[in-house]
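Chain by chain, the residues run as shown.
Protein chains: 2
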Amino acid sequence: MEVIDGNRIAAALIAELKAEVAAITGRKPCIALVRVGDDPASVSYVKKKGQTAAEIGIESRILLPPAAIGQAALERLVESLNGDAGVDGILVQSPLPGGLDERAVFGRIAPEKDVDGFHPVNLGKVVQGDESGFSPCTPAGIMELLARSAVNLEGKHVVVLGRSLIVGRPAALLALQNRAGANATVTVCHSRTLDLPSLARQADVLIAAIGRPGFVTADLVKPGAVVIDVGINRVADPARKSGHRLVGDVDFPSVSPIASMITPVPGGVGPMTVAMLMRNTVKAFRLRRGG
Amino acid sequence: MEVIDGNRIAAALIAELKAEVAAITGRKPCIALVRVGDDPASVSYVKKKGQTAAEIGIESRILLPPAAIGQAALERLVESLNGDAGVDGILVQSPLPGGLDERAVFGRIAPEKDVDGFHPVNLGKVVQGDESGFSPCTPAGIMELLARSAVNLEGKHVVVLGRSLIVGRPAALLALQNRAGANATVTVCHSRTLDLPSLARQADVLIAAIGRPGFVTADLVKPGAVVIDVGINRVADPARKSGHRLVGDVDFPSVSPIASMITPVPGGVGPMTVAMLMRNTVKAFRLRRGG
Numbered sequence: 001m002e003v004i005d006g007n008r009i010a011a012a013l014i015a016e017l018k019a020e021v022a023a024i025t026g027r028k029p030c031i032a033l034v035r036v037g038d039d040p041a042s043v044s045y046v047k048k049k050g051q052t053a054a055e056i057g058i059e060s061r062i063l064l065p066p067a068a069i070g071q072a073a074l075e076r077l078v079e080s081l082n083g084d085a086g087v088d089g090i091l092v093q094s095p096l097p098g099g100l101d102e103r104a105v106f107g108r109i110a111p112e113k114d115v116d117g118f119h120p121v122n123l124g125k126v127v128q129g130d131e132s133g134f135s136p137c138t139p140a141g142i143m144e145l146l147a148r149s150a151v152n153l154e155g156k157h158v159v160v161l162g163r164s165l166i167v168g169r170p171a172a173l174l175a176l177q178n179r180a181g182a183n184a185t186v187t188v189c190h191s192r193t194l195d196l197p198s199l200a201r202q203a204d205v206l207i208a209a210i211g212r213p214g215f216v217t218a219d220l221v222k223p224g225a226v227v228i229d230v231g232i233n234r235v236a237d238p239a240r241k242s243g244h245r246l247v248g249d250v251d252f253p254s255v256s257p258i259a260s261m262i263t264p265v266p267g268g269v270g271p272m273t274v275a276m277l278m279r280n281t282v283k284a285f286r287l288r289r290g291g
Numbered sequence: 001m002e003v004i005d006g007n008r009i010a011a012a013l014i015a016e017l018k019a020e021v022a023a024i025t026g027r028k029p030c031i032a033l034v035r036v037g038d039d040p041a042s043v044s045y046v047k048k049k050g051q052t053a054a055e056i057g058i059e060s061r062i063l064l065p066p067a068a069i070g071q072a073a074l075e076r077l078v079e080s081l082n083g084d085a086g087v088d089g090i091l092v093q094s095p096l097p098g099g100l101d102e103r104a105v106f107g108r109i110a111p112e113k114d115v116d117g118f119h120p121v122n123l124g125k126v127v128q129g130d131e132s133g134f135s136p137c138t139p140a141g142i143m144e145l146l147a148r149s150a151v152n153l154e155g156k157h158v159v160v161l162g163r164s165l166i167v168g169r170p171a172a173l174l175a176l177q178n179r180a181g182a183n184a185t186v187t188v189c190h191s192r193t194l195d196l197p198s199l200a201r202q203a204d205v206l207i208a209a210i211g212r213p214g215f216v217t218a219d220l221v222k223p224g225a226v227v228i229d230v231g232i233n234r235v236a237d238p239a240r241k242s243g244h245r246l247v248g249d250v251d252f253p254s255v256s257p258i259a260s261m262i263t264p265v266p267g268g269v270g271p272m273t274v275a276m277l278m279r280n281t282v283k284a285f286r287l288r289r290g291g
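So the protein lines, in turn, are chains A and B. So for the first sequence, this note's numbering puts the first residue at 1; every next one is plus one. So for the second sequence, this note's numbering puts the first residue at 1; every next one is plus one.
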């Protein structure tokens, strides 16, 4: 059994992007990071994104409107970033505070600056397999993790647990695409699935993205399967200073002995999400410059 | 076993649309049908669409540019229809003659007039489950056929054979949506799938859209399954005046005795595609009028 080291793979990707950005003459790529309010997880994610951008040499602008900003003002802020020639990518950190319409905000981002990949045009391009768009960062990061771990999905049965717009649905579409490394047979299970265990056990590659700590136990996994754990669940842990720890959707102790490969939490898919955001930002920069 | 009568169900939908259009005061909905060149199947499809529009009371404008029109001129034609306030829906008949970039042409249609549902914005809305867009007509017609045959997909295992952009992928996304009548567990198989029969046999609802005449034989079908045949294959038949007949992807004689419900070819999914195009046109009219 091999533990897929997301930190190591993300670091390799970041080093490649750093070299690529260093070779850019003139203005460097720039990402605008919009964080509305002070949700602690959002604070930590946006900080990490800014740090990774700096490490690569990508400029970042952090905008911190208050939670009370209101829908219209937030959309105007996005529009001003759309019109700012110095901004290549725009990320509005999810989730937005209650009362704000996230889909409307994401739909307002100019598709060519939508480095998070949630504008319908970019989701549509994922359906089409049109690589001129931006794929959502977490599922794109899963595909990259698999490719860099020499897992070729062709002909494999990929079972995705969860049908979220952020992970499950786009992950299924990416695995299904007609291109090298993809070409998987794909099943999507979710909360309404009647016999999830029997489908999960058929997976050559099992992608767990349901947000339930330790849900995937060994009896749901075919021996030798590749197991990708997308869950990031906070569970109480009085033994820690923070009072909590992060666990995945996979019960690592029982599943890891029978999987052929498995991603840990933390240190698996998580670091790839940030790295793919940076790759999308460099791509946006190049597309906008006509390179 | 029940044969799902697509002609009857499409006729019911067309009658509803006719009543709806009759109640519209002033200008009626209008669809522009663009057929490039003289492909015999395209001639027949566009004719049928024009006839159905007339039956409902939808105005149609048929544009017949020559196969030699060229990419730029065809895109200009689409742009002129985008800008024409009297046109609510635009359909460019697929397939286009060789040398023309179909995806670029479809991407040029204004999303709010894209009644065929192939613009990336509308495909993205299918991913999102955003009902303000237009779903591709054939998969939307399958969903409508199932709903009007009292087949509720919730918790059912839908296996889609084929991953085309026109049928397989959007059908999978529609069945997976989080809404009443959908909520299915979905598997997509295709040419690279290693053990298609064992997956097909797990289907509660089997959707065949691979374009191989009679491919689905009884050994691929679970007894009691609902079988939807999307194939329209021309096979030689010297006994017919035309020299050919249309057959589906399903071997009807062997499958029909074990299915609980099955669509025939012709007279199953086919009539629904045209009816859904008309429904999308009326929807486009209402959305553009702000109704």
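No lab work stands behind these hints: they were computed from the structure. Even glycine gets a Cβ: it sits at the ideal position worked out from N, Cα and C. Any given hint could be a false lead.
[What the hints assert, rightly or not] Selected chain A positions facing chain B (Cβ under 8 Å, derived; list incomplete):
id	residue
1	E55
2	K125
3	V127
4	Q128
5	R148
6	A150
7	I166
[Claimed, not checked] No farther apart than 20 Å at their CA atoms in a straight line, the calculated lysine to aspartate or glutamate pairs in the EDC-like style are these:
id	chain 1	residue 1	chain 2	residue 2
8	A	K222	B	D101
9	B	K222	A	E20
10	B	K283	B	E59
11	A	K283	A	E20
Structure-based check of each hint:
| no. | hint | verdict |
| --- | --- | --- |
| 1 | E55 | violated, 32 Å |
| 2 | K125 | holds, 5 Å |
| 3 | V127 | holds, 4 Å |
| 4 | Q128 | holds, 6 Å |
| 5 | R148 | violated, 22 Å |
| 6 | A150 | violated, 18 Å |
| 7 | I166 | violated, 11 Å |
| 8 | K222/A <-> D101/B | violated, 43 Å |
| 9 | K222/B <-> E20/A | violated, 54 Å |
| 10 | K283/B <-> E59/B | holds, 14 Å |
| 11 | K283/A <-> E20/A | holds, 11 Å |
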